[in-house]
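Engineer: Single-letter residue listing:
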Amino acid sequence: GQQLNQSPQSMFIQEGEDVSMNCTSSSIFNTWLWYKQEPGEGPVLLIALYKAGELTSNGRLTAQFGITRKDSFLNISASIPSDVGIYFCAGQLMNRDDKIIFGKGTRLHILP
Amino acid sequence: GAVVSQHPSRVICKSGTSVKIECRSLDFQATTMFWYRQFPKQSLMLMATSNEGSKATYEQGVEKDKFLINHASLTLSTLTVTSAHPEDSSFYICSAPTLEGAFGTQYFGPGTRLLVL
Numbered sequence: 001g002q003q004l005n006q007s008p009q010s011m012f013i014q015e016g017e018d019v020s021m022n023c024t025s026s027s028i029f030n031t032w033l034w035y036k037q038e039p040g041e042g043p044v045l046l047i048a049l050y051k052a053g054e055l056t057s058n059g060r061l062t063a064q065f066g067i068t069r070k071d072s073f074l075n076i077s078a079s080i081p082s083d084v085g086i087y088f089c090a091g092q093l094m095n096r097d098d099k100i101i102f103g104k105g106t107r108l109h110i111l112p
Numbered sequence: 001g002a003v004v005s006q007h008p009s010r011v012i013c014k015s016g017t018s019v020k021i022e023c024r025s026l027d028f029q030a031t032t033m034f035w036y037r038q039f040p041k042q043s044l045m046l047m048a049t050s051n052e053g054s055k056a057t058y059e060q061g062v063e064k065d066k067f068l069i070n071h072a073s074l075t076l077s078t079l080t081v082t083s084a085h086p087e088d089s090s091f092y093i094c095s096a097p098t099l100e101g102a103f104g105t106q107y108f109g110p111g112t113r114l115l116v117l
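Those sequence lines, one after another, are chains A and B.
Residue numbering for the first sequence follows my numbering, beginning at 1 and increasing consecutively.
Residue numbering for the second sequence follows my numbering, beginning at 1 and increasing consecutively.
Hints are computed from structural coordinates only; laboratory data are not their basis.
The beta carbon of each residue, even a glycine, is placed where N, CA and C say it ideally should be.
Misleading hints may appear alongside valid ones.
[Stated by the list, open to error] FRET-style restraints, in silico, Cβ to Cβ:
| id | chain 1 | residue 1 | chain 2 | residue 2 | range |
| --- | --- | --- | --- | --- | --- |
| 1 | B | 26 | A | 78 | 39 to 47 Å |
| 2 | B | 63 | A | 28 | 28 to 36 Å |
| 3 | B | 3 | A | 7 | 27 to 35 Å |
| 4 | B | 17 | A | 54 | 44 to 52 Å |
| 5 | A | 58 | B | 72 | 31 to 39 Å |
Sequences and hints are given; from them, build the entire structure.
Structural biologist: The structure is reproduced here in structure tokens:
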């Protein structure tokens with residue numbers, strides 16, 4: 001079945017540093033989604049990507065939909081303490097009623 | 001973005017009782033909703049797809065008689081954990097897709113923490 005490989009699994013960075021994480025897949029996706037989850041809460045959508053090659057920003061966050069449709073990355077610039085959490089990538093295959101496939105998450109820790 | 005709500009946010013129950021969790025799309029309609037469970041420090045695991053007006057589709061290994069799903073309207077899906085046991089304690093999250101983008105975008109509820117004593 002489809003699998004998403006998300007890396008790194010965890011990151012320890014200094015406040016102010018930039019962050020980069022990525023996901024790769026053996027399958028082609030038509031939509032890539034990036035979510036952030038904080039303890040005890042549901043995932044919150046950060047960025048949605050709908051076209052191969054698309055580069056989209058949301059404040060300090062930037063994500064790209066890979067040309068091959070098999071990968072995506074998320075960058076966070078100038079990290080701040082509230083960026084702490086777990087970031088999940090997710091891929092969707094065909095249409096809105098198809099289930100999405102999740103990566104295992106990247107746990108971001110920010111050192112003071 | 002779209003809003004999905006869940007109720008209750010947390011529930012504690014005795015072993016053997018049944019617990020119902022509601023998932024609502026507040027500002028859009030959804031013919032399909034999804035139910036996930038999440039164990040500590042793990043990713044979300046899809047349990048089932050809730051289909052409005054028809055039977056739910058369960059993922060392999062998920063007992064349909066244990067986790068009853070009803071999608072009674074275009075804005076409401078319910079998950080009932082029947083005869084709950086301590087091993088059913090988990091974080092349950094629902095999602096619903098909107099029409100954003102060519103293929104839609106999924107939004108998640110805030111989750112329901114279930115503790116079975």
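Engineer: Could you run down the list of hints and mark each one as holding or not?
Structural biologist: Hints versus structure:
A hinted range of 39 to 47 Å for the beta carbons of residue 26 (chain B) and residue 78 (chain A) is inconsistent with their spacing of about 33 Å. Between residue 63 (chain B) and residue 28 (chain A) the C-beta distance comes to about 32 Å, which sits within the given range of 28 to 36 Å. The supplied range of 27 to 35 Å is met by residue 3 (chain B) and residue 7 (chain A), whose beta-carbon atoms lie about 32 Å from each other. Taking the beta carbon of each, residue 17 (chain B) and residue 54 (chain A) are about 48 Å apart, inside 44 to 52 Å as hinted.
The beta-carbon spacing between residue 58 (chain A) and residue 72 (chain B), approximately 35 Å, falls within the hinted interval of 31 to 39 Å.
In summary, the structure is inconsistent with hint 1 from the numbered list given earlier, while agreeing with all the others.
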